[in-house]
Amino acid sequence: MLTTTIAALLTLGAMSLVWKENIVSRFIEHLILGISLGYGVVLTYRQIFLRLFWVPVTTDFAANWILILPTLIGALWLAQPFQKVRWLSLIPLAMVLGAFSGLGLERIMSSYIIEALEGTVKSLYVAGDLQKSFDHVVIWLGVVCILSYFYFRRIHNPALEKAHEYTRIVGIWWLMASFGVSFGFTVMARAALLIYRIQFLTQDWIGELIKIASGGGM
Amino acid sequence: MWKKIFTTRVIINTVVLISVVLGVYLPIKITMPLSPEVQNAVHLIENAEPGSTAMISINYAGSSIAETEPIAVALIRLCFLKDVNVIICGFFPEPAQLAEGVISTLGKTYGKKPGEDYLNLGLCYPYDAFILGWGRDYKQQTGSISVGDMVHLDPSEYTDLVTSNPSVESVINSIATTIGEDRYIAAHLLDQHQEELGETVYQLLKEQLETVTRDDWPILQPIDGFGDLLFCADITGTSSYQSWIIWSSDYRDEITYFAGTTAISAPEAYQFLQAEQMISVIPGYRGATEIETYVNNQYQSADLFRKQMEQAGFPKEVIAAYVGGASRGMPSLALVHACILILVLIGNIQYFLNRKKEA
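First to last, the protein sequences are chains A and V. Taking numbering that gives the first Met the number 0, the leading residue of the first sequence gets 0, the next gets one more, and so forth. Taking numbering that gives the first Met the number 0, the leading residue of the second sequence gets 0, the next gets one more, and so forth.
In case anyone wonders, no lab produced these hints; they're calculated from the structure. A couple of the hints might just be wrong.
Calculated lysine-lysine pairs in the DSS-like style (CA-CA distance at most 27 angstroms, straight line) [as the list claims (entries may be wrong)]: (1) A:LYS19 x V:LYS2; (2) V:LYS2 x V:LYS356; (3) A:LYS210 x V:LYS28; (4) A:LYS210 x V:LYS315; (5) V:LYS306 x V:LYS112; (6) V:LYS306 x A:LYS210; (7) V:LYS28 x V:LYS315; (8) V:LYS107 x V:LYS205; (9) A:LYS131 x A:LYS121; (10) V:LYS315 x V:LYS107.
Simulated coverage check for chain V against chain A, where a stretch passes if three residues somewhere in it have a Cβ under 8 angstroms from a Cβ of chain A [to be verified]: (11) 243-252; (12) 332-345.
Which chain V residues stay away from chain A? Per the calculated CB distances, all over 10 angstroms, these [as the list claims (entries may be wrong)]: (13) LYS2; (14) THR7; (15) THR30; (16) LEU33; (17) GLN38; (18) ILE44; (19) GLY110; (20) GLN202; (21) TRP216; (22) ILE222; (23) TYR298; (24) GLY312; (25) ILE348; (26) LEU352; (27) ARG354.
Positions of the beta carbon are idealized from the N, C-alpha and C atoms, including for glycine.
So here's chain A without its partners, still in its complex pose:
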C-alpha cells in the first residue's frame, strides 16, 4: 500500500501541471527523467553489453572471441568528447551508416516508395466490390487534389487555373480531413493514458484506502 500511495501522490503531482507549472510537477519531471535514464543504462548494460558480449566472451572465449572486434570498434564512439582523437568515432559511424545503407536502401525504397505507389495507383473500378471501388476513387481524388495543391500553385493557363481552383479546395478539404483523423486518434491516445491513471487512482489507491479504513484489511 505504501508504494501505491507514493505512486498515487506522484501521479497527482504530475497532473498538477494541467493547472500550471509548479515545483512539484517539475520535480516529478526530473525524477522520471533520472529514473528512466538510470533504468535504461542499467538495462542496456545488462541486456546488451553483459549478455551479448561480456558473458559469452568470458564463458567461452574460443567460440566468442570474434565479438571483441566489433566491440572495440564500437568503443571508438567514446572518442567523441576528446578533440584530438574525435576522428576515431567516425569509424564506427561510417560502419553503421554503410551497413544500414547497404542493407536498407533497397528495402526502404521498396517499402516506402514502390509498394506505397502500388497501393495508390489502383484500378478505379473493382468488379463486384463497390466499397473497394469507392475507396480507390477517394484515394485517387485525394492524391491528385493534394498534389495539385502543393505542386501546381502557379499555372499560367486560364483553363487549368480554373480547374486548379477546384482541385485546390478539394485538396485542402482532404488535408483537413486527414488532420482531423490524426487529431481524433491523438485524443484517443492521450485519453487512454489519462484513463489508465484515473483507474489507478480511483480503484487501486482510493478504493484500497477505503477498504482499509472500513476494516477490509490491507
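Here the structure of chain A is known, so what remains is to put chain V in place on it, guided by the hints.
Just chain V now, kept in the frame of chain A:
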C-alpha cells in the same frame, strides 16, 4: 481572482477529468463490433489450424502500456483459446521484460507449456538482423546472437527442485527467471551460485543448460522461416512496426503481418494497410476493445477468464489488469470524445462570432 484560476486551460482540463472519472463510475457498457481493419487479424486466428504458430514482437514500454498491453492480452488470449502457439520476442530491453510478464501470465492461466505452446525469445537485438535472419531460414544461421542461443527451462523441473531444496529457492528462481535470456547468462548465474546450490542441484541445472538448445523446443521444430508462421505481428508504442515492413520486404509473399499500434501511430499505419504491406491495424484502445469484446462474446466470457486467472493463483491486481483491460476504459473514452467534440464546436462558434464582430 476567479478569472485567474478558471482559465480556459483549467476549464478544459477539468471537463476532461470529470468525464473520465464519470466514465469509470457510471454503469455504461460499450461494446464494439470488429472494424474492417481489425477483423482480418481476428479471422486469421479464428480460422487457423490448431497447433499452428504465430510470432508476436512486443515493443511497448511504460509510457504506452495503457493502450498496447490490452492489445497483446486480447490477441494472445485469442491465440491460446484457438490453440495457436505463440512465439514472443522484444526488440528493446524494457519491452522484452514486459513481454515475459504477459506471456507467462496468460500461459499459466490457460495451462500452456513453455517451449511447447509458447516461447519467449527475449531480447532480439539487433532487430533488423533478427527479422532478416528469420526470413532466410533461421536454423541455418550460425553465430546468431539474437535467436541462436535462447533457452527455456521447464518450470515443473524447477518446482521439483525448489520443493526439495527450499534453502536455495531464491537462487533457483533467479535462474529460472532468465527465461527469455540466453544460456550464457544462465550459466553465469549458475557458476556464481555453485556453492550455495550444492553439487547435486548444480550438476542437474548445468546438465540441462548444456543439453537443452533452441532446436529442442517442440514449438520451433516445424518452423524454418516466415512461411511456416501463421502470422507475425508487432504490438508497439513506437514505429518498430515499420521495421518489420522494411526488413521483411524480401519475403512479402511469405509473411502475413499486422500491427497493433498506439492511437497516435495508427493514422500513419493505415497507409501500409492500404498498400497491402500488412493485413490489419489494431489501433490502440479501440482495437483492443474490439478484440476483447469479440473474444468475450464468442469464446470465453470475462467472468470465466477471471475465474481461470483466480484458479491459476494470480493476485487480484494482476487479474484486474488483464480482465477487461480495454473495454473498462471505453465509457470514459467515449465521454472524453463527446466532450472534446462539444468543446471544438464551442470554439468554432466563438471563432465565427468573433470574426463577424470584427467584420
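Evaluation of the provided hints:
no. : hint                : result
1   : A:LYS19 x V:LYS2    : holds, 14 angstroms
2   : V:LYS2 x V:LYS356   : holds, 23 angstroms
3   : A:LYS210 x V:LYS28  : holds, 25 angstroms
4   : A:LYS210 x V:LYS315 : holds, 14 angstroms
5   : V:LYS306 x V:LYS112 : holds, 20 angstroms
6   : V:LYS306 x A:LYS210 : holds, 22 angstroms
7   : V:LYS28 x V:LYS315  : holds, 22 angstroms
8   : V:LYS107 x V:LYS205 : holds, 25 angstroms
9   : A:LYS131 x A:LYS121 : holds, 10 angstroms
10  : V:LYS315 x V:LYS107 : holds, 15 angstroms
11  : 243-252             : holds (count 6)
12  : 332-345             : holds (count 4)
13  : LYS2                : holds, 14 angstroms
14  : THR7                : holds, 12 angstroms
15  : THR30               : holds, 17 angstroms
16  : LEU33               : holds, 16 angstroms
17  : GLN38               : holds, 14 angstroms
18  : ILE44               : holds, 24 angstroms
19  : GLY110              : holds, 28 angstroms
20  : GLN202              : holds, 17 angstroms
21  : TRP216              : holds, 19 angstroms
22  : ILE222              : holds, 23 angstroms
23  : TYR298              : holds, 25 angstroms
24  : GLY312              : holds, 19 angstroms
25  : ILE348              : holds, 17 angstroms
26  : LEU352              : holds, 21 angstroms
27  : ARG354              : holds, 18 angstroms
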